[in-house]
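Going letter by letter, the sequence shown gives residues 1 to 621 in the UniProt record's numbering.
Derived by calculation from the structure, the hints in this document are not laboratory data. Treat the hints with caution; some may be incorrect.
Said to hold, decoys possible - In silico DSBU-like links for lysine-lysine, alpha-carbon gap of 30 Å or less:
no., residue 1, residue 2
1, Lys-255, Lys-266
2, Lys-402, Lys-428
3, Lys-539, Lys-499
4, Lys-260, Lys-402
5, Lys-402, Lys-203
6, Lys-428, Lys-371
7, Lys-428, Lys-578
8, Lys-530, Lys-266
9, Lys-499, Lys-572
10, Lys-371, Lys-499
11, Lys-572, Lys-260
12, Lys-428, Lys-255
13, Lys-266, Lys-338
14, Lys-530, Lys-428
15, Lys-499, Lys-513
16, Lys-144, Lys-578
17, Lys-338, Lys-405
18, Lys-530, Lys-371
19, Lys-578, Lys-405
20, Lys-428, Lys-338
21, Lys-572, Lys-405
22, Lys-501, Lys-539
23, Lys-255, Lys-203
24, Lys-371, Lys-402
25, Lys-499, Lys-530
26, Lys-260, Lys-371
27, Lys-338, Lys-572
28, Lys-428, Lys-203
What the hints assert, rightly or not - Across the chosen pairs, the derived CB separations fall in these ranges:
no., residue 1, residue 2, range
29, Lys-260, His-82, 23 to 29 Å
30, Pro-340, Asn-467, 16 to 22 Å
31, Trp-408, Val-527, 43 to 49 Å
32, Ala-276, Ala-559, 35 to 41 Å
33, Tyr-502, Leu-245, 36 to 42 Å
34, Lys-428, Val-515, 22 to 28 Å
35, Gly-262, Ala-156, 25 to 31 Å
36, Ser-575, His-82, 23 to 29 Å
Think of the CB as a built atom: it goes at the ideal place given N, C-alpha and C, for glycine as much as any other residue.
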Amino acid sequence: MTFRNERGSFYYEHPIFGTRKVNARSDLQKNLELLPLPRQDGRQDYNTSKRDAVIITSKEFQIFAQDQPIVPSAPAPGWRFHAAFGCLCLVNLVCALDATSLAIVAEKLHANAIKASWWGTSFLLTATVFQPTFAALSHAFGRKPLLLVALVFFTADAIIAALANNSTTMLVGRSIQGVGGGGISALTYVIVTDLVTLKDRGKWFGLISMMWAFGSVAGPVIGGALAEKASWRWIFWLNMPFCVLGFITIPVFLKMAPVKGGLQDKIVRIDWIGVARFFSSARSLRFSCPLTWGGLMFPWSYRKTLLPMGIGIVGLLAFMLWSCTVSSEPILRGSMFKSPTALVSYFGSVVHGMFLWSALYYMPLYFEGAKGFTPIEAGIGLFSWRFTTGPSAVNVGIVVAKTGKYRWAIWSGWVLTATGIGLMSLFKADTRTWETWEWVFLSLVSGIGLGILYPAMSIAIQASASNADLPSAAALYCFFRNFGQMLGVAVGGAIFQNKVKYNMSGYADLADKAVEYSKDAAALVEVIRKMPPELVEVKHEINTSYVDSLRFLWLVMCAFAVLALVVGTHTKEISLEKELETEQGWQGNARSEERVDTNLKEQSRVVSTPPARSVSIYGGI
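Kindly generate the complete structure, drawing on both the sequences and the hints.
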């Protein structure tokens with residue numbers, strides 16, 4: 001006997017009488033008298049009495065269905081889905097383009113390295129804070145409206161950044177722009193989670209990762225070209241056509257089922273106290289800024305360094321305690337942290353983001369400072385690293401979708417990443433660049449490893465989450481990855497600049513300027529370029545200090561990658577055969593199964609034990 005579900009009706013496959021249909025809404029709310037089963041003695045008696053029939057209650061049917069293996073199935077995505085997804089990819093591409101062009105903007109606005117680091121950190125900080133917030137609000141108000149709100153923030157604040165004339169205005173613009181960027185990034189993953197079965201999500205997540213990889217590569221090149229040939233302001237004005245395209249295509253093509261209920265019901269559904277607590281603790285997340293000035297602007301033991309860090313940590317702990325013990329609709333659900341696989345994957349996401357953004361910020365410094373490249377050439381120098389990340393992410397996503405296995409990808413990804421970062425520590429001031437394959441190979445390995453980890457960790461997190469937690473888990477993956485990126489900029493800057501100061505203090509010619517040079521590593525590139533030929537020895541000392549500091553940074557990141565590999569060995573291989581279950585599926589093609597009220601009064605069940613039964617429940621886009 002087999003039960004299956006299609007379009008709101010249950011089909012009963014009887015071994016003698018064939019397929020019979022029972023309506024899910026009406027018949028299952030009563031006792032279901034199913035067709036008679038074959039007699040136990042093997043005779044096919046078509047006049048079997050009611051005594052030989054099976055009567056099953058709706059509650060028993062629901063419990064029975066939950067105990068059976070579920071085979072997810074969904075129609076192939078149509079052209080509207082592809083059009084909407086393509087638009088989401090373009091918007092994510094624009095977010096990535098801006099984030100990697102800040103070094104060029106800092107040079108034009110005469111901002112030092114610490115202020116430039118704050119620009120990057122402020123964008124990542126606000127993006128990190130608003131990712132779970134946008135996801136929580138979208139549960140009540142709908143994915144598409146919140147996505148459009150995020151796009152409004154991103155567009156408006158790109159205009160502010162484009163019109164900025166000083167570092168303070170740029171800081172404000174980048175901070176507010178992070179609100180939109182964080183919402184766009186998180187909701188993209190949440191929307192894919194709503195529309196695609198778990199097993200198939202890997203390839204779509206891989207495509208999103210490829211957009212970020214391509215944008216990270218193209219950002220420095222496009223930004224450098226615009227800065228040299230036109231104006232750096234065009235880096236931000238370039239966002240406008242893509243944003244306008246998003247405003248047109250998202251309402252037209254992204255047809256998702258609206259959230260039911262009135263405005264008052266939706267407002268009550270939000271944990272506003274939790275949102276306020278999260279924002280207040282996130283404001284204290286400026287503890288990442290003390291990490292950038294610790295040991296440079298102020299000593300590590302100074303109150304202006306320690307106090308913000310302490311407030312930030314205590315605030316986050318208080319928020320997590322509230323979410324896990326008091327709130328009924330928390331922004332971050334405690335159930336998402338119960339799985340060991342989820343915990344190790346969240347940690348891996350932080351480390352993944354740390355290296356990703358520290359490399360994007362500090363690899364160009366190597367090419368420009370040690371090799372004397374222009375900004376455009378420095379961007380091209382990243383091609384071998386970033387152009388391997390995107391294809392690796394897409395291919396691994398496809399393989400995971402085909403095989404349903406992801407643990408191999410996490411392990412191999414961390415092995416390649418740790419190896420690649422370790423090889424990058426071999427970069428020296430005199431490493432030949434264009435003439436040999438050495439620099440290509442050294443950066444190629446880590447690029448492949450990082451690309452593999454993109455879809456693998458996101459799938460591991462979602463596989464370990466319950467159906468109710470899946471959208472929140474998708475947003476939380478973005479949250480931890482962005483948190484790692486923020487730490488990569490902040491901690492990477494602290495490590496690099498403190499090491500520069502330490503190295504230069506060892507040279508008699510540089511000791512008196514060690515503090516000054518270490519505060520502005522980006523401006524030091526120009527100092528190296530403009531040094532006259534007669535100061536070749538001093539130039540060599542600066543170059544050596546500069547490159548040794550970068551090598552030390554890669555070694556620290558390599559240690560984190562090895563730690564992530566060790567922790568990642570605890571990842572479990574969880575089945576991806578999970579039912580697509582969402583409140584906001586594709587409009588007009590909602591989940592075919594009608595939910596049965598589990599609180600219905602239990603009724604009787606009679607007669608003989610039926611043969612083994614299985615159920616296949618089909619979701620869909």
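Against the structure, the hints:
no.: 1; hint: Lys-255 with Lys-266; result: holds (20 Å)
no.: 2; hint: Lys-402 with Lys-428; result: violated (42 Å)
no.: 3; hint: Lys-539 with Lys-499; result: holds (17 Å)
no.: 4; hint: Lys-260 with Lys-402; result: violated (35 Å)
no.: 5; hint: Lys-402 with Lys-203; result: holds (10 Å)
no.: 6; hint: Lys-428 with Lys-371; result: holds (10 Å)
no.: 7; hint: Lys-428 with Lys-578; result: violated (49 Å)
no.: 8; hint: Lys-530 with Lys-266; result: violated (61 Å)
no.: 9; hint: Lys-499 with Lys-572; result: violated (39 Å)
no.: 10; hint: Lys-371 with Lys-499; result: holds (20 Å)
no.: 11; hint: Lys-572 with Lys-260; result: violated (37 Å)
no.: 12; hint: Lys-428 with Lys-255; result: violated (53 Å)
no.: 13; hint: Lys-266 with Lys-338; result: holds (28 Å)
no.: 14; hint: Lys-530 with Lys-428; result: holds (21 Å)
no.: 15; hint: Lys-499 with Lys-513; result: holds (14 Å)
no.: 16; hint: Lys-144 with Lys-578; result: holds (25 Å)
no.: 17; hint: Lys-338 with Lys-405; result: holds (21 Å)
no.: 18; hint: Lys-530 with Lys-371; result: holds (14 Å)
no.: 19; hint: Lys-578 with Lys-405; result: holds (13 Å)
no.: 20; hint: Lys-428 with Lys-338; result: violated (45 Å)
no.: 21; hint: Lys-572 with Lys-405; result: holds (10 Å)
no.: 22; hint: Lys-501 with Lys-539; result: holds (16 Å)
no.: 23; hint: Lys-255 with Lys-203; result: holds (21 Å)
no.: 24; hint: Lys-371 with Lys-402; result: violated (44 Å)
no.: 25; hint: Lys-499 with Lys-530; result: holds (23 Å)
no.: 26; hint: Lys-260 with Lys-371; result: violated (59 Å)
no.: 27; hint: Lys-338 with Lys-572; result: holds (13 Å)
no.: 28; hint: Lys-428 with Lys-203; result: violated (38 Å)
no.: 29; hint: Lys-260 with His-82: 23 to 29 Å; result: holds (27 Å)
no.: 30; hint: Pro-340 with Asn-467: 16 to 22 Å; result: holds (19 Å)
no.: 31; hint: Trp-408 with Val-527: 43 to 49 Å; result: holds (47 Å)
no.: 32; hint: Ala-276 with Ala-559: 35 to 41 Å; result: holds (37 Å)
no.: 33; hint: Tyr-502 with Leu-245: 36 to 42 Å; result: violated (49 Å)
no.: 34; hint: Lys-428 with Val-515: 22 to 28 Å; result: holds (25 Å)
no.: 35; hint: Gly-262 with Ala-156: 25 to 31 Å; result: holds (29 Å)
no.: 36; hint: Ser-575 with His-82: 23 to 29 Å; result: holds (28 Å)
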